[in-house]
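Chemist: Residue numbers (the working numbering), protein chains in the order written: chain S, 1 to 269; chain F, 1001 to 1274.
Simulated from the structure, these hints should not be mistaken for lab results. Where is the CB? At the ideal position from N, CA and C, for every residue including glycine. Be a bit skeptical, because a hint or two may be false.
Here are some, though not all, of the chain F residues that point toward chain S, as calculated from beta-carbon distances under 7 Å [to be verified]:
#1 A1044
#2 R1046
#3 F1050
#4 T1052
#5 W1226
#6 M1227
#7 T1251
#8 V1252
#9 Y1253
#10 Y1257
#11 L1260
#12 L1264
Some chain S residues well away from chain F (every beta-carbon gap over 10 Å; in silico) [said to hold, decoys possible]:
#13 R142
#14 A187
#15 E225
So the derived label-pair ranges between C-beta atoms look like this [stated by the list, open to error]:
#16 S:A35 to F:L1040: 40 to 50 Å
#17 F:S1214 to S:V145: 35 to 45 Å
#18 S:R118 to F:G1263: 51 to 61 Å
#19 S:V145 to F:R1211: 52 to 62 Å
#20 F:S1214 to S:V148: 33 to 43 Å
#21 S:P139 to F:R1211: 38 to 48 Å
#22 F:S1136 to S:R19: 52 to 62 Å
#23 S:R90 to F:A1125: 21 to 31 Å
#24 S:R19 to F:Q1133: 22 to 32 Å
#25 F:S1088 to S:R19: 19 to 29 Å
#26 F:F1244 to S:Y111: 24 to 34 Å
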Amino acid sequence: MRRWPLGSRFGCFAIVKSRWRLFATVVAGLALGGAILTGLAVPQQTNREESGARLRESPGAGALFGWLGGFRALAADLLWLRMYAGWERRDLPGTQTLIRAVVAVDPRPAYFWINGARILAYDQPVWRIEAEGGFEAVPTERRRVIEVEQARLALGLLEEARGLRASTAAMWTEQANIELNKLGDIAAAAASFRRAWEQPAGPYYAARIYGELLRRLDRHREAYEWLCSLYPKLPPEDEAADAPLVLARIRELERMLAVPPAAAFRSGR
Amino acid sequence: MTTVPFSLTRVGLIAAVTLREAVRQKLVAGLALIACGFVLGVRALRDFNFGTPELKFIADFGDGVIAGFGAVLTIVLLAQLFFGELESRTALTLLAKPVWRSEFLLGKFCGVVAVVVVFCVLLTATLSVVLWQRESALRVEGFAAVPAGVGFDPGALWVAAWMHIVRLTVLAAGMMLVACIAQTQLYAIIVGFSGFVGCHLQHVAQGVYSRAGSSAMAWIATLIGWMFPDFHLFTLEAGGAWTFEGVARLTVYGAGYAALALGLAVWVFRHREI
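Just chain S, with the same shape it has in the complex:
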């Protein structure tokens, strides 16, 4: 390699040239080598993909928290505490922002999604109504608008959670409760309770409530068939399954539907 001494008239140009060449070689070397190696790295389908997707959705949060690694859980917990401080002050935008920040930092725990949805659906409508003058002053129609808006936000959060992490029975139950208590949409709530029951370790009460909601929708035949198919799956020794209650409801529906004794459900227990 030809070198120019520092004192010569070409010295400074030579240094600049050699620096540029050095950088260009390093960049080209890294890019070429990296292109080959990147093919070898198969992305692993683990939870980090979920969080990665969530972080890419919000580049700001990604830049802040993408490199936190194992400190994510602690960072999310501290943000959740901060969110509670805002919740106590009834700071609506602050609370909403921090709920989103918490699930961006650590989307793994269902706790944050479910409790975030509860705050959006149940607490924040009260804050908004009180900010507009209180329950006495705000007309029913306006209160309904606020409750529906907030319920939709909560359902959106739960929907997002299911897109990023495995859906759980608790999430479907939460969705069903919001649909039932805040939207008054019995059909949607029934469908969600059924989904909750179908999840691994789905609670027995979700299946019972599904049957009850079918009754409320005047789908008595469907409710009867559902409970008849449910009953054999209920362990008699498990109090949570409450098999006697289900059997009582089956009998009630048989009377209502005038099912002949010969065709009546036989419990076999």
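Since chain S is already given, all that's left is putting chain F on it; use the hints.
Modeler: Quick look at chain F alone, frame taken from chain S:
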């Protein structure tokens, strides 16, 4: 001048001297003690834990301590040892003897990697003890806090430790390249930390660039994606799912990047005036 063949013995000797030097440094002992303190004291932070089961929280936090302090140790230690040799002129004395520059660099690199391996093993062992002790206590209390599949899995913990070692080895090689280009220790450390954060944010950057919809941006993103390893790939969550094939592929990926960075570091160092 007669040239001597490349010798792994000389590399080993330089690595051993580097390791001895590193062990004598207060920085290494200080960082190791602080990190151990964090891992041992993680239970004091459990009151702040809401979302995750306690054992998962402890494992995650310990994982974060190993990753964070490990990176600080790798970057600062390598810069100190490399520039220490140059500033004290011992590198000149050494390289005046029949020692290859590549042997010098590899020796330094291996010495730092040895420190990193000891650091990761020490902290993972401490974390294992903390997790085992806590899990035993929870089981004795008959707590439902240890549901199936959430308990402490030593295998996954040690696989996570291996991933830390691979990632920190890549970081050490990259840092060696930066140190060979840089003229001052401070500059090397700043660039090293920036590179570390950048490598962790690769996946975020790729997602943002791909959504931008511009082909020029996509090309730049691809180039950056090739140049810098994606450290996020190595973030195997302690206790998380892993496969032997996945770990092997990531090891090859990391070793490849380390070899690439070291090769370039040797090339740059051969052209550097000491």
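Chemist: For E225 (chain S), which was marked as not at the interface, is the minimum beta-carbon distance to chain F over 10 Å?
Modeler: The claim holds: E225 (chain S) sits with its nearest Cβ about 34 Å from chain F, beyond 10 Å.
Chemist: Kindly confirm whether 22 to 32 Å is satisfied by the beta carbon distance between R19 (chain S) and Q1133 (chain F).
Modeler: violated (55 Å)
Chemist: Could one say that the CB atoms of V145 (chain S) and R1211 (chain F) fall in the range 52 to 62 Å?
Modeler: Because 33 Å falls outside the window, the suggested range is violated.
Chemist: Under the criterion of a CB-CB separation shorter than 7 Å, is R1046 (chain F) in contact with chain S as hinted?
Modeler: With Cβ-Cβ at 10 Å, over 7 Å, it is violated.
Chemist: For R118 (chain S) and G1263 (chain F), compare the CB-CB distance with the range 51 to 61 Å and indicate the outcome.
Modeler: Given range 51 to 61 Å: holds, Cβ gap about 56 Å.
Chemist: Report holds or violated for the interface hint on A1044 (chain F), using the least CB-CB distance to chain S and a cut-off of 7 Å.
Modeler: violated (12 Å)
Chemist: Starting from the range 24 to 34 Å, see whether the pair F1244 (chain F) and Y111 (chain S) falls in it by beta-carbon distance.
Modeler: With Cβ atoms ~32 Å apart, the hint holds.
Chemist: Hint check: is the beta carbon of V1252 (chain F) less than 7 Å from a beta carbon of chain S?
Modeler: holds (6 Å)
Chemist: Does the interface hint hold: is T1052 (chain F) within less than 7 Å of chain S, judged Cβ to Cβ?
Modeler: holds (5 Å)
Chemist: Taking 7 Å as the limit, does the beta-carbon of W1226 (chain F) come near enough to a beta-carbon in chain S?
Modeler: holds (3 Å)
Chemist: Against chain F, does R142 (chain S) keep a CB gap of more than 10 Å to every residue?
Modeler: holds (34 Å)
Chemist: For the hint on L1264 (chain F), does the least C-beta distance to chain S fall short of 7 Å?
Modeler: holds (5 Å)
The structure fails to meet hints 1, 2, 7, 19, 23 and 24 from the earlier list, while all remaining hints are met.
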